[in-house]
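**Student:** Protein chains in written order, with our numbering: chain A, 566 to 678; chain B, 3 to 119.
I should point out that these hints are in silico values taken from the structure, not numbers from a laboratory. Note that this is a predicted model, so its numbers are computed, not measured. Worth double-checking, as some hints may not be accurate.
Here are the computed lysine-lysine pairs in the BS3-like style, where the Cα-Cα straight-line distance is at most 25 angstroms [to be verified]:
no., chain 1, residue 1, chain 2, residue 2
1, A, Lys643, A, Lys624
2, A, Lys607, A, Lys623
3, B, Lys11, A, Lys607
4, A, Lys607, B, Lys46
5, B, Lys16, B, Lys46
6, A, Lys643, A, Lys607
Between beta-carbon pairs, the in silico distance windows are [claimed, not checked]:
no., chain 1, residue 1, chain 2, residue 2, range
7, B, Pro10, A, Gln574, 39 to 49 angstroms
8, A, Glu580, B, Lys16, 24 to 34 angstroms
9, A, Val578, B, Ser20, 40 to 50 angstroms
10, B, Ser20, A, Leu617, 45 to 55 angstroms
11, B, Ala84, A, Lys622, 15 to 25 angstroms
12, B, Arg79, A, Pro591, 26 to 36 angstroms
13, B, Pro41, A, Asn618, 28 to 38 angstroms
14, A, Pro591, B, Val90, 40 to 50 angstroms
15, B, Thr9, A, Gly581, 35 to 45 angstroms
16, B, Lys46, A, Lys622, 22 to 32 angstroms
17, A, Gly581, B, Ile56, 21 to 31 angstroms
Backbone N, C-alpha and C define an ideal beta-carbon position, used for all residues, glycine too.
This is what each chain is made of:
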Amino acid sequence: ILNVEQSPQSLHVQEGDSTNFTCSFPSSNFYALHWYRWETAKSPEALFVMTLNGDEKKKGRISATLNTKEGYSYLYIKGSQPEDSATYLCASDPETSGSRLTFGEGTQLTVNP
Amino acid sequence: NAGVTQTPKFRILKIGQSMTLQCTQDMNHNYMYWYRQDPGMGLKLIYYSVGAGITDKGEVPNGYNVSRSTTEDFPLRLELAAPSQTSVYFCASSYSRGLAGGTDTQYFGPGTRLTVL
Chain A
566 ILNVEQSPQS
576 LHVQEGDSTN
586 FTCSFPSSNF
596 YALHWYRWET
606 AKSPEALFVM
616 TLNGDEKKKG
626 RISATLNTKE
636 GYSYLYIKGS
646 QPEDSATYLC
656 ASDPETSGSR
666 LTFGEGTQLT
676 VNP
Chain B
3 NAGVTQTPKF
13 RILKIGQSMT
23 LQCTQDMNHN
33 YMYWYRQDPG
43 MGLKLIYYSV
53 GAGITDKGEV
63 PNGYNVSRST
73 TEDFPLRLEL
83 AAPSQTSVYF
93 CASSYSRGLA
103 GGTDTQYFGP
113 GTRLTVL
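All chains, full assembly: derive it from the sequences and hints.
**Tutor:** Below, the structure written as structure tokens:
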């Protein structure tokens, strides 16, 4: 994988559903993987920065896992709420990037009440 | 602590006009970035800076210029506006890796929505 790819592109779930989406990134030259939450008409806000293979991070109902060997990360939302509706971006931070992130196009989540 | 601020919030330009998008951060971050976000697309890096006096091109630098005379400010200049530059522009800043415990979370400004007609 040369670029950062996210799937699905969009997702509609009902309130209370649990959901997950995927970020694939180049596994070579890995340094860190970032997740951001981006609400409509606002600016992206950091959720997690993950650096270690097997890492799992949690913030409330949102958690993320990381597999650096195969180059993927999963973001999970347990018991989705309407306020979780946003675009979730992941970004690859390679070792030699000088802190330049390569963003995926995001997964747009809509949680219906 | 205001974080990252951007002005203006909205702007309409005519083809060929020029303008400067302002970005200021008060977190003493070394690194600053300019991104553009087009509909249905992710964030594309235009220019970035690792410190005052140092700037470098990102993925889509054509048609833009930057300067970094102070740690706080990182203005983006459009010299001859073109319709292809219609976009939402985000400025961001971060610590360098060595100063933040190994992470370099980027903090984003509220964005500038630019339309070129």
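**Student:** Next step is simple, just say for each hint if it's right about the structure.
**Tutor:** Against the structure, the hints come out as follows:
no., hint, verdict
1, A:Lys643 to A:Lys624, "holds, 11 angstroms"
2, A:Lys607 to A:Lys623, "holds, 23 angstroms"
3, B:Lys11 to A:Lys607, "holds, 12 angstroms"
4, A:Lys607 to B:Lys46, "holds, 17 angstroms"
5, B:Lys16 to B:Lys46, "holds, 23 angstroms"
6, A:Lys643 to A:Lys607, "holds, 23 angstroms"
7, B:Pro10 to A:Gln574: 39 to 49 angstroms, "violated, 31 angstroms"
8, A:Glu580 to B:Lys16: 24 to 34 angstroms, "violated, 46 angstroms"
9, A:Val578 to B:Ser20: 40 to 50 angstroms, "holds, 45 angstroms"
10, B:Ser20 to A:Leu617: 45 to 55 angstroms, "holds, 46 angstroms"
11, B:Ala84 to A:Lys622: 15 to 25 angstroms, "violated, 42 angstroms"
12, B:Arg79 to A:Pro591: 26 to 36 angstroms, "holds, 32 angstroms"
13, B:Pro41 to A:Asn618: 28 to 38 angstroms, "holds, 35 angstroms"
14, A:Pro591 to B:Val90: 40 to 50 angstroms, "violated, 27 angstroms"
15, B:Thr9 to A:Gly581: 35 to 45 angstroms, "holds, 41 angstroms"
16, B:Lys46 to A:Lys622: 22 to 32 angstroms, "holds, 26 angstroms"
17, A:Gly581 to B:Ile56: 21 to 31 angstroms, "violated, 50 angstroms"
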